[in-house]
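2 protein chains.
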Amino acid sequence: MTNSDKQNQLANAIRFLSMDAVEKANSGHPGLPMGAADIATTLYTRFLSHDPQNPHWPDRDRFVLSAGHGSMLLYSVLYLSGYEDITIDEIKKFRQIGARTAGHPEYGYAAGIETTTGPLGQGIANGVGMALSERILNAKFGDSIVDHYTYVLVGDGCLMEGISQEAIGLAGHLELNKLIVLWDDNNITIDGAVSLSDKTDQVARFQASGWNTSSVDGHDQEAIAKAIEQAKTSPKPTFIACKTVIGFGSPNKAGTNKVHGAALGAEEIAATRKALNWSAEPFVVPAEVLDAWRLAGLNAAKKRLEWEKRFAALDADTRAEFERRQRGELPIGFDQAIIDYKKKLSADKPKVATRKSSEMALEVINGIVPETIGGSADLTGSNNTKTSQTNAVTPENYDGRFVHYGIREHGMAAAMNGMALHGGLIPYSGTFMCFSDYCRPAMRLSSLMGIRVIYVMTHDSIGLGEDGPTHQPVEHLAVLRAIPNHLVFRPADAVEAAECWQLALESQKTPSTLALTRQNLPTVRTTHTDENLCGYGAYELAGTDQDAQVTLFATGSEIEIAMKAKAMLDEKNIPARVVSVPCFELFEQQSDSYKASVLGNAPVKIAIEAALSLGWERFIGENGVFIGMKGFGASAPIEDLYKHFGITAEAAVEAAEAKLKAAA
Amino acid sequence: MTNSDKQNQLANAIRFLSMDAVEKANSGHPGLPMGAADIATTLYTRFLSHDPQNPHWPDRDRFVLSAGHGSMLLYSVLYLSGYEDITIDEIKKFRQIGARTAGHPEYGYAAGIETTTGPLGQGIANGVGMALSERILNAKFGDSIVDHYTYVLVGDGCLMEGISQEAIGLAGHLELNKLIVLWDDNNITIDGAVSLSDKTDQVARFQASGWNTSSVDGHDQEAIAKAIEQAKTSPKPTFIACKTVIGFGSPNKAGTNKVHGAALGAEEIAATRKALNWSAEPFVVPAEVLDAWRLAGLNAAKKRLEWEKRFAALDADTRAEFERRQRGELPIGFDQAIIDYKKKLSADKPKVATRKSSEMALEVINGIVPETIGGSADLTGSNNTKTSQTNAVTPENYDGRFVHYGIREHGMAAAMNGMALHGGLIPYSGTFMCFSDYCRPAMRLSSLMGIRVIYVMTHDSIGLGEDGPTHQPVEHLAVLRAIPNHLVFRPADAVEAAECWQLALESQKTPSTLALTRQNLPTVRTTHTDENLCGYGAYELAGTDQDAQVTLFATGSEIEIAMKAKAMLDEKNIPARVVSVPCFELFEQQSDSYKASVLGNAPVKIAIEAALSLGWERFIGENGVFIGMKGFGASAPIEDLYKHFGITAEAAVEAAEAKLKAAA
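Just so you know, the sequences run in chain order A and B. So for the first sequence, the numbering used here puts the first residue at 1; every next one is plus one. So for the second sequence, the numbering used here puts the first residue at 1; every next one is plus one.
Chain A on its own, in the form it takes in the complex:
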């Protein structure tokens, strides 16, 4: 043990707050906070640029507790540092309903929680996104305004999860040298020793992906400090392996999986108090210890004052632009630009795939909104996410606006979460919709956190064609719509694509997915409206409810089929109307009367979507007809597939006639 008594006491404050809170809740994870207390103490009292009184200061260092189950570590240091959101009462309410101190750190519950963690491996990828944002914004605004570090604390679990490799590879490639990852190397997982399931040399693994590395005693605060100092001089991202003892201080449980995820029990806590010479009552931090922590917080805050001065010295336009981005507001003129662009589309009537019309919309958007950062998981030419304004972000030049994420869908999604959380940027990027499955844990967190991340998911049905069932989404629209607080858009033409993009960008607290076709589609919105009709979620596209015998509900590529079916029905003197349903979630937010008017009174209701029926009951009821997929797709040219699976205007007409005959 090489720490001074004071250093030990600072760290012990974390240990006892964590032990006591877990004990009171009789639930939680004391092992990590006890083991990583020296790391956190070193970081928060000697390195972290932050201001507990102004916790949202944009140029603060970010700290991500990737091993989110150690939440009491974070709550402890926030309380000790003087963050007002985390009082001692909150700590006493750990894991109780309504508390800011949830089981795992929940973004938005308290300042100082930079991201929601718990699902392992997400935090390190969030950290990569944050560190990337820092570099991109630094390139834009300069060292005096954007110049901070991102620290991530990871456990063995984070490093075993595959997403960590995607994050490590991306950070190494982009040489994100202001990213510093501290590994709580305690040799223990829930099941027991790490050696039960892994023998990876983590230091060598990080080196293989271009990282700077070091190894230290995780209970030697001076050694940790030296490693962080060294990290700051490296041109690469840094991985610091900190050898720790899980549950440090517990005489009978330290170093075992017994202390990972359960309260220690009164007896063992008493023994630990004795072992660590800690005489304070539960939830009491001795005044001199708390003072030292608070002083460290105050000292750190001085950097913010210096930053404020530098910021005030900027020209007014730069300040306004920086602040606008921080607020998450779009530039003035954005709406008008979309309206003008839609006007042009209604006149031009392009016949293009919606992945292409998405690109066309982005060409307009990226010209006006400088904070969008595009990307693709190595499908740039297929996802159409790169526009004329977006040069690649490279280690040599962070002043780009397009990230080649590599074949790393999951890491990409989680990095986008980090970028949105960082502030100042709006991330969007693409992959094939079928591979939204790879992104799913991160997409769920976008929704849970309520952040503006935009997922471009192209090749959204069997319309993908020959690549076959492994690449053809069938259940994915339903399962993405199932995520709470997630807007799933499926535009039918270039006008709807522009409107959906507008809505996605305007949804500050909700992530969006755009489901886009590979195949060309005609323009159906040929009459211009300033109003964003997709904002209703569903709207009458053709025909009227007054006389309709049949309502055809459809989305995206199947609008063309619905329109054709309507024309065929009209010819047979069966009046039909078509309702476009670009977004289920927005439709649900409309008034009951609007919803009733869109659902309409036609005796026959048919939904057409080249996907499974799940969720369509909402529109067509128990007696409606669903024309779509019943199982997996197949490998063949697109024309063959739509016929093979019976997703045609003819099938819709036949079904409508049969229904009408049965009712007659």
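Warning: the hint list may mix true and false statements.
A pair counts as met if it fits within one copy or between any two copies, since identical chains are not told apart.
Straight-line C-alpha distance at most 27 Å; calculated DSS-like pairs for lysine-lysine [stated by the list, open to error]:
1) Lys-199 - Lys-236
2) Lys-643 - Lys-661
3) Lys-309 - Lys-572
4) Lys-630 - Lys-349
Hints were generated in silico from the structure; no laboratory data involved. Source: prediction; values computed, not measured.
Knowing the structure of chain A, use the given hints to seat chain B on it.
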């Protein structure tokens, strides 16, 4: 170029078949088959133990094309080696409807396709599962019967995907020395050079996880052969980096991303024919070349004859056991054991969590079914997947029946796919249900392939309690039910848990998920039936439809609530019945009359499930009441959460009364 002319011609046969097929389809990926042709030629003509005439021979070597987009490589070598399923006509029908030669290799379409690949990174993890199965079965049946290699061809995409790290880590830990991974190291991804997104030293990365490695010229068949020979002597799994040129042979496109995923065009193919001295017409393989390939196939097949002799020399019981496992049939006595066990449960009426009753059922099953291989992603004590029969599988002793997969949900799921595909074993393993999201791409492939993999997903609702919304599934039941050909079971008590396990094990062509509680539940099936009632998917648990005013549909933990609501309604003289719905998918398979009888005629229909409502319209219609979740969960003790979210018997009673009053 160091190959002999003959070697070159053997490889060129792959190249031209691939080029010609892609050209005819005007769709596909010629780059990989052309670049990796020397690797495949070396492997198939000199190493692979297989018998094209008896392709399902159990002790064959397995070859997995993890980079599934290069499917023409596989179809070419299968045709050339003499597999009857892949004729030249099939190759001409590449990517057309009904062809065995789908866009990506589809398991079950043709012998020799060992797994479905395309979603990147899955194949290498499948290979780990296959190689693990080989070791486990070798430990059981001995070297004379089970002793083969697993070869995997991976591309850059497979290695960038996070799942590859999980697979690499697991294989390194388990020292799967009969696993040989060949890397088609061509420096090119779809977007361009690999350097656009990665600088990982892959060889160093594999070494860091305990692999044997080597690097060779991927166009030097002798060098590749030497590396494979060396690999066979290593006590570790081997990674061979084969430096290749993508689209090898194409004068103007080789070495670029232009040849990755598009037809070369007639002109370039002509130029390639000239460059490689290949004068044969499209789809024609010169007789001497085809003969050499076929001869290699015949030579390889000799090993099968030797094996047959060794197998015939075994004692009858061992032979019968081996063959039973190969057929995928359960041991005689299995059904009776389940019936006996259920009888005991109905009498004992245990009050345990279904994760515990799953363990109790497994204790019976694992005693009778020796081929089950359990596991957990480091949540063994929480998932309750380990029974008294299942010692850990370790590098020192493969004769175990439990795999500590580590914190690698995705790799675990994909490895289980590989184990099921290998044959001879029935894999099951667990994680928290919320983290089924991490497994999803592999779970979808279990379903697409139609294989018996059993996913144990515990902590299946807000009943998880304090860990909070990151760990509480709300949409997961719906999104798992959305996967085609996937049985999602949610048993309500120990009897249903036993029945669901029985059904999962008996479903040879369909994977299953068991959704299990953390919290204790009473036994509701207190009257014994030999019949497996869960096999109906839904059945009347209490009350009758004759007089019922209210039908309460529920699953799992909410059956207790439904039963309490029924009791409360009965007291108010409102007759109610309870329908247990352990499996939506099996219910859909019942006759219309059975389904109608279960749905019943009660005027009020209420579904109770601590999850989102999606999918329940099927049971309660448009006018039913759903009592469940509307969004994400929260961190708190379980009792508080059910009340907080209004999932209570009182809420059900209130809703029933309100509905009846409104209708009166």
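Copy assignment of Lys-630 with Lys-349, given that the CA separation must stay at most 27 Å: neither (33 Å within a copy, 40 Å between copies)
State whether the alpha carbon distance between Lys-643 and Lys-661 is at most 27 Å within one copy, between copies, both, or neither. within (24 Å within a copy, 49 Å between copies)
Same-copy or cross-copy closeness of Lys-199 to Lys-236 [CA-CA at most 27 Å]: both (25 Å within a copy, 12 Å between copies)
Under a CA distance limit of 27 Å, which applies to Lys-309 and Lys-572: within one copy, between copies, both, or neither? Intra 74 Å, inter 72 Å, cutoff 27 Å: neither.
The structure shown violates the earlier hints numbered 3, 4.
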